[in-house]
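A.B. asks: Okay, here's what each chain looks like letter by letter:
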Amino acid sequence: MSNLSQALWVLLLGSLLGLELIGKVPPTLHTPLMSGANAISGITVLASITLVANAEGNPALLILGSVSLGFALFNVIGGFLVTDRMLAMFSRKPSSSKATSTKPSGVGQ
Amino acid sequence: MNVLDLFGYSIDLLAVLLLALGLKGLSTVRSARSANGLAALAMGLAVLGLLLQVQPDPIAWLWIAIGSAAGGLLGLITARRVPMTAMPETVALFNGCGGMASLLVALAVALYDSADADLVSIISIVISVFVGAITFSGSIAAMGKLQGWLGTPGWTQSGIRHAVNIVLALMAVVAGFALPADPTGLPLWLLLVVSTLLGIGVTLPIGGADMPVVISLLNSYSGVAAAAAGFVVGSQLLIVAGAMVGAAGLILTQVMCTGMNRSLVSVLFGGALGGSAPVGGGGDEAGYSRIVSCSAEECAMALENAERVVFVPGYGLAVAQAQHALRELSKLLEANGSEVSYAIHPVAGRMPGHMNVLLAEADVPYEQLLEMDTVNPEFPRTDVVIVLGANDVVNPDAKNDSTSPLYGMPVLEVDQSRQVFVVKRSLGAGYAGIKNALFELPQTAMVFGDAKAVLQQLCTELRSQGVGKVAA
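So the protein sequences, as listed, match chains S and X.
Going by the working numbering, the residue at position 47 of the first sequence is 47; the numbering climbs one at a time, nothing skipped.
Going by the working numbering, the residue at position 251 of the second sequence is 251; the numbering climbs one at a time, nothing skipped.
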């Protein structure tokens, strides 16, 4: 069954890739990274969409697929936005170009 | 048709590439934000590629639109509304929903589409239901505990819980083996119920500082659940992405365990740290004998004369939302000529990096945030250390007392500095539930109160001394 063995190879290589990618991370980024990885795990939207698309009119599959799509997309959208919110705070430090805060002008050195 | 397929496949490959680059980029401060965007783009591409390949009919489009609108909108609102302090709970909630999605897909396929399923699909369904249900119930239990909705029931701290969990796990195995014979019947529901209970049974006994580790582990599970769902619907992209996240989550979990000097096994099976310890050892105020408490004024005076000040923020700072007040105080001190920095313990707060996020929100310069290894040698030449709502991460017992449950955990060696002020609401124990020897040291004084209120008082005191007004 070449399809299965192919899928297993994909599984193995994907896992190894994951192990390598997240080798060394500064503790600063652990929370954002966890949150980002969490958003990516919402990739299960693909399974939900496949389910709905292949439902062939079966209402149970359509409904279950749609609900699971909702859950997955909640994970994806929420996850990416929340990660961005956290990371936006880091990126503000080099140049406080945004006038969101009224105080930076008074920073005493 | 063929060309379209090819197009779809290349989009898939591009999506995997971007996902990998995104995950990698998330591990350096400079590139993290754009990497997050890259991963989001990859996700969009993957969905686009899939839609091109499956070409849903109008009814399917309708249901896709309904699901997307509901989930997307809720996600948007949640992400906007949630306060920074509630990040760990939020991640747990999102994570649980990801697990739920994989679970639902597997359930749907098992119930309505398993007529011509082969053994591989059935096995994938079993794994997907099992892991998906554990991820969901475990994440929700973790969220409930972090929000304070759920406590740590007494029975979960005794041996009973192991018996309960082992029985549940065995039942899941039995159900899993019985499922191929009858994919839509009793075994499926048994598996579902038992896995859900197992998720709760495993998470509920774990407490306090170990919570982030559990969330990270559950995050890894949701990757595994996604990969299993990938096997169920036959999507290689899903398998790759799920496997990547699963592996990455495992590494993160390991890193967090190392930071607390705990093994994953003891986190999962050891119970809440100190929760089951002899009650007498638990952190009651009665446990302390030589406590010196002082007022904000005395603390302000010490700060005024200090050349080098180090703040040690902890979860108390996050709870009190005191990051802006802290930034204000440090600006005053800098104007007064003091050298200010912040010592960040790897597991300060409730998640690694939690403090960094909060302080960054208050515009604290990144260079002033010192990691444990950098700051520890600096303490002997530090005049004043202010501990803000941190407890276990500054407990010298972790170095000195081999009988302490914390023994061996790397801590911030604030006891080496000349003077320590501990800002804390009460003498209550930290997560570990044990006494903190730091509080009884001669150079330590306690400033009781809410971190934000105390910081604001300190600012007022310093200003009334003329600090920060004129740079004389």
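Please keep in mind that the hints were generated in silico from the structure rather than gathered at the bench.
We put the beta carbon where it would ideally sit given N, CA and C, even for glycine.
The reader is advised that the hints may include incorrect statements.
[As the list claims (entries may be wrong)] Here's a subset of chain X near chain S, in silico, CB distances under 7 angstroms, partners left out:
{"hint": "1", "residue": "F94"}
{"hint": "2", "residue": "L104"}
{"hint": "3", "residue": "V105"}
{"hint": "4", "residue": "P180"}
{"hint": "5", "residue": "P183"}
{"hint": "6", "residue": "P187"}
{"hint": "7", "residue": "A241"}
{"hint": "8", "residue": "A247"}
{"hint": "9", "residue": "E361"}
[What the hints assert, rightly or not] Stretch-level coverage of chain S by chain X, calculated; a stretch enters the list once three of its residues show a Cβ under 8 angstroms from a Cβ in chain X:
{"hint": "10", "region": "7-19"}
{"hint": "11", "region": "29-39"}
{"hint": "12", "region": "50-59"}
{"hint": "13", "region": "62-74"}
{"hint": "14", "region": "77-86"}
[As the list claims (entries may be wrong)] Facing chain S, from chain X, some residues (calculated, C-beta under 7 angstroms):
{"hint": "15", "residue": "L26"}
{"hint": "16", "residue": "L41"}
{"hint": "17", "residue": "L45"}
{"hint": "18", "residue": "P58"}
{"hint": "19", "residue": "G72"}
{"hint": "20", "residue": "G75"}
{"hint": "21", "residue": "M100"}
{"hint": "22", "residue": "G223"}
{"hint": "23", "residue": "A226"}
{"hint": "24", "residue": "I239"}
{"hint": "25", "residue": "S338"}
{"hint": "26", "residue": "S341"}
{"hint": "27", "residue": "A453"}
{"hint": "28", "residue": "Q456"}
A.B. asks: Holds or violated: X/I239 as interface residue toward chain S, Cβ cutoff 7 angstroms?
C.D. replies: 5 angstroms, holds
A.B. asks: Do three or more residues from the region 29-39 of chain S put their C-beta atoms closer than 8 angstroms to C-beta atoms of chain X?
C.D. replies: holds (count 11)
A.B. asks: Holds or violated: the region 77-86 of chain S covered by chain X, criterion of 3 or more residues with Cβ-Cβ distance under 8 angstroms?
C.D. replies: This one holds; 10 residues, not fewer than the three required, reach chain X with a Cβ under 8 angstroms.
A.B. asks: Close enough to count: is the Cβ of X/P180 nearer than 7 angstroms to one in chain S?
C.D. replies: Given a least distance of 16 angstroms, the restraint on X/P180 is violated.
A.B. asks: Quick check: the region 50-59 of chain S, covered by chain X? Criterion 3+ residues, Cβ under 8 angstroms.
C.D. replies: Held - the region 50-59 of chain S has 8 residues with a Cβ nearer than 8 angstroms to chain X, which meets the minimum of three.
A.B. asks: Was the hint right that X/P183 lines chain S, CB cutoff 7 angstroms?
C.D. replies: 15 angstroms, violated
A.B. asks: When the nearest CB of chain S is found for X/G223, is that gap smaller than 7 angstroms?
C.D. replies: 5 angstroms, holds
A.B. asks: Using the nearest Cβ pair, does X/V105 come within less than 7 angstroms of chain S?
C.D. replies: 4 angstroms, holds
A.B. asks: Minimum Cβ distance from X/E361 to chain S below 7 angstroms?
C.D. replies: 5 angstroms, holds
A.B. asks: Min Cβ distance, X/G72 to chain S: is it shorter than 7 angstroms?
C.D. replies: Status holds, d = 5 angstroms.
A.B. asks: Let me know if the C-beta of X/L26 comes in closer than 7 angstroms to any C-beta of chain S, holds or violated.
C.D. replies: 5 angstroms, holds
A.B. asks: Is the interface hint for X/A241 satisfied, with its Cβ closer than 7 angstroms to some Cβ of chain S?
C.D. replies: 4 angstroms, holds
When the structure is compared with the earlier hints, violations turn up for hints 4, 5, 6, 16, 17, 18, 25, 26, 27 and 28 and for no others.
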